[in-house]
Amino acid sequence: GAVVSQHPSWVICKSGTSVKIECRSLDFQATTMFWYRQFPKQSLMLMATSNEGSKATYEQGVEKDKFLINHASLTLSTLTVTSAHPEDSSFYICSAAGGDSKGELFFGEGSRLTVL
Amino acid sequence: KQEVTQIPAALSVPEGENLVLNCSFTDSAIYNLQWFRQDPGKGLTSLLLIQSSQREQTSGRLNASLDKSSGRSTLYIAASQPGDSATYLCAVYNQGGKLIFGQGTELSVKP
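So the protein lines, in turn, are chains B and X. According to the working numbering, the residues represented by the first sequence are 1 to 116, in order. According to the working numbering, the residues represented by the second sequence are 1001 to 1111, in order.
Fair warning: there could be bad hints in the mix.
[Said to hold, decoys possible] For lysine-lysine, the following DSS-like pairs were computed, each having C-alpha atoms within a straight-line distance of at most 30 Å:
no.	chain 1	residue 1	chain 2	residue 2
1	B	41	B	14
2	B	20	X	1042
3	B	55	B	20
4	X	1098	B	20
5	B	66	B	14
6	B	41	X	1110
7	X	1042	B	66
8	B	64	X	1042
9	B	14	X	1042
10	B	64	X	1110
11	X	1001	X	1098
12	B	66	B	20
13	X	1110	B	66
14	X	1042	X	1110
15	X	1098	B	64
16	B	55	B	66
17	X	1098	B	55
18	B	66	X	1001
19	B	64	X	1068
20	B	55	X	1042
21	B	20	B	64
22	X	1001	B	55
23	X	1068	B	41
24	X	1068	B	66
25	B	41	X	1001
26	B	41	B	66
The set of hints was computed from the structure by calculation and includes no laboratory data.
Construct all of the structure, not just a fragment, from the sequences and the given hints.
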């Protein structure tokens, strides 16, 4: 299947700093990527849909100024957590459609953010 | 609004047992349904994708069925092994390719 890579896999930062997480489709082009957030022992919550060359679409309740998404190319989407606070600590996972007719989504390995 | 529910939330079985994980969804107007596996602290591994026109998919010891009219899917795991221990997530595709996830079933297979 298609491969999606995230970087970094884990990051620790101080409160008030900004953190950028990258999501890359390694062997296919992805016009649309999705960003999810997962709290411990909970399921994945869709945060936003990232569209190449246009603004991201955010789900209700997700602050677009807090979670900046940029999809500058067909293989890269970035999520920047701005002015991070401890409550932003979470597991962030991206996904992308593999481009085939089935519409199957493939997921990155996830990025663990800890804000001190 | 689509809601996805998985039962049970947790399951512990001895090695070798066959088991069934259940997933239900409230809106039958789905495109596809996908089952994933998630190990602790890791991302998601796709197990099976069932397209809306299909009723089941099989891969090795795994078999997933889909009944859109009743809003249900099941994941059948045959001859369970300790390596099958993980959280299993069911997710349905709505319009626009958005995936809506269930809460997951945490499976523990005891040797």
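Here is what the structure says about each hint:
no.	hint	verdict
1	41(B) to 14(B)	holds, 24 Å
2	20(B) to 1042(X)	holds, 19 Å
3	55(B) to 20(B)	holds, 17 Å
4	1098(X) to 20(B)	holds, 23 Å
5	66(B) to 14(B)	holds, 16 Å
6	41(B) to 1110(X)	holds, 21 Å
7	1042(X) to 66(B)	holds, 24 Å
8	64(B) to 1042(X)	holds, 26 Å
9	14(B) to 1042(X)	holds, 23 Å
10	64(B) to 1110(X)	violated, 44 Å
11	1001(X) to 1098(X)	holds, 12 Å
12	66(B) to 20(B)	holds, 12 Å
13	1110(X) to 66(B)	violated, 43 Å
14	1042(X) to 1110(X)	holds, 21 Å
15	1098(X) to 64(B)	holds, 18 Å
16	55(B) to 66(B)	holds, 15 Å
17	1098(X) to 55(B)	holds, 17 Å
18	66(B) to 1001(X)	holds, 25 Å
19	64(B) to 1068(X)	violated, 34 Å
20	55(B) to 1042(X)	holds, 29 Å
21	20(B) to 64(B)	holds, 14 Å
22	1001(X) to 55(B)	holds, 24 Å
23	1068(X) to 41(B)	holds, 28 Å
24	1068(X) to 66(B)	violated, 38 Å
25	41(B) to 1001(X)	holds, 23 Å
26	41(B) to 66(B)	holds, 24 Å
Consistency with the previously given hints fails for numbers 10, 13, 19, 24, ordered from lowest to highest.
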